[in-house]
Amino acid sequence: MLELIFIIPVFLGVITFFLPRTAGRFLLIMAGVFHLAFTASIWLKGVAPYWAPYFGIAPEGQIVLLVTSFLYLLIAAYTVSYMAEVEMHNEPVFAGCMLLFLGAMSMVAVTDHIIVLWIAIEATTLMSAPLIFLHKSKEALEATWKYVMICSVGIALALLGVFFTILAIDTSDINVPITFTDLARASGRFDPTWLKAGFIFILIGYGTKMGLAPMHTWLPDAHSEAPSPVSALLSGALLNCAFLGIYKTHGIMQAAGLGWYSGRILVVFGLISMVVAAVFIMQQDNYKRLLAYSSIENMGVIAFGTGIGGLAAFGAMLHLIHHALIKSSLFLTSGNILLGYGSKKIKETGRMPLFMPGTSISFMGGFAGISGFPPFGIFLSELMIILGALRKGAYISLGIFIISLILVFAGASKGVIRMSFGNFNGELLVGEKFMRLAPPCILLLVSAGLSIWMPDTLYQTILKAISTIGGGING
Amino acid sequence: MINTPDVLLVLILLSVLLSIGGSRLQEFIRIMSFQGVLVSLVPFLLERHEQTSWLDIGFLLVLIAIKGGIIPFLLWFASRKVSIKRDAEPIVGYHASILTGLFIILVATFISNRMEPVSLSGHQLLLPAAFTTLAAGLFLMMARRKAITQVIGYLMMENGIYLAGSALAKQTHTQFIVEFGVLLDLLVGIMIMGIILHQISRSFDDADTMFLERLKG
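Order-wise, the sequence lines are chains B and D.
With the working numbering applied, the first sequence covers 1 to 475.
With the working numbering applied, the second sequence covers 1001 to 1217.
Quick caveat, the hints were computed from the structure, so don't treat them as lab data.
In this text, a Cβ means the ideal position worked out from N, Cα and C, and glycines have one as well.
Keep in mind that a hint or two might mislead.
If you want a taste of the chain D side facing chain B, the calculated C-beta under 8 angstroms gives, among others [unchecked claim]:
1. 1154
2. 1164
3. 1168
4. 1189
With these hints in hand, go ahead and build the complete structure from the sequences.
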């Protein structure tokens, strides 16, 4: 029964609200272990859904599910150690919401129904809002309010887009169930005008959640004000879930012969996101905001690669996996830095190799990874996207793409070098601990390992996933 | 000849205009309750229901109870908690707001006439009313400062989307999923917003989102 993948975390999450804190911490990790094991069994032998038309796993959902599950387990291990250091008003609520959030994200990954997907994405907003609000400061309150309002409006527009897509079926008088599989199969006969209108609204709606500029305004606030494990989960897992909605709709457009249209829009939004992120990253004095803008840039890269198609689509899928791994690692590391220095300002940190040697290594490694240095996987994925764009002859957009990458690297390196080698004459508040160092390092190692050797099942699944949007390793 | 759905739609349009120019919170909540009842009645009265089953009637009652009763009550409760009575100093003045509302109706009608969806024969007012409600809700969210008024704007927008959904999609495709999706969203959204409102009032002594401008860049 495929649905257990989200039913169990939700069930455990509700229970956790009423449990004492140690039991809650234990459940947090146990749910992660169960979730990863169940995901593995879905990968290895496949699990049949019980409510068949509503749920069913597609290759792209499988990839997002695996990434989410793996990240969650490591982040949960980190969280337990993090919670020991941070004063929390209501820990059972925090742990419960983490589990509910995991459940909602798993539901996004395993659903095939266009409305159930919408409900699940809305659920992720509602479940993660209390997590951002954890510290109850004025800034956290502002970030939560912006997050809930902007994402709810976005998601409402996505619902309108879904209605337009359904209208495209009705106007051409076809009767199919509104699942992505059936829609893609029958989409050649749909009314193209309504399909296009539907895609635009869905892109704006889910794009808000994914952090595409100019709808990204909630993202830097929410990512910088949320506690670090939550930022890692938001950036590494939640943005991918929102992207899944856009990706599946793009698949319908492709099947309807309108892939050129939706692809072009994706490229434009991707490039806008990259340029906006590059501009804001240049003058950033808060390292968590810097990482948040880097997420916007990377979502732009993924949208760009998906829009170009062909080899670039392969690159985009690879980028999704590696961005999730490396960015979560960076946010976890930034949690250590925040605990140590007690400030999010870049100029109030410094001399990291001296004060926090382990954290310094994983931070530098993460920075190298996110900037696209080998051996980390982002090097490969960005190379594939560039090659794909060259094959398609998209020279102008490729030019903007590369210039933005350079600007982002320049802006980010300024901050990172200041943090590592700048002056600092204070005392460290909290030292490093193994449990808060191992998860980010494992994430980095996995990214490096995956770029050297990729399991064949993963390779085949990515190929299957991108075949629906006209991508391929030779295309 | 009097067409019941059309009468309801005209009443919805009037309620939108009333709320867009209003400032008193109690009044706002009463209008939203009225609008919620109307909005839940409209899809039920469209002619595509050949026969009404008990399930339909039960669903209608649940819908009216939530849109017309529970949500306005939660809003009223929240407004009493933060103890504000009116939305002073809006970003856009009340008269300008009403003018904007009229302008939105014009644009919505124009767009709907251009779209001409086939499934709407005989209900020319349905799509303009839906788009007006949607756009007016968005406008209200932008034009008012109080957090609670922004929540009301969001509710209005949801009402508009609900109308558009029932106008555009045949019941065969959506069954009750759309409706439950929207309701679920509304209910939980309002609850969480209520909690946040409560917290805003505690942290800022006033539920005014203009205070929310510390995070920049």
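(message) Under the constraints set out in the numbered hints, which ones does this structure not fulfil?
(response) Failing hints: none at all.
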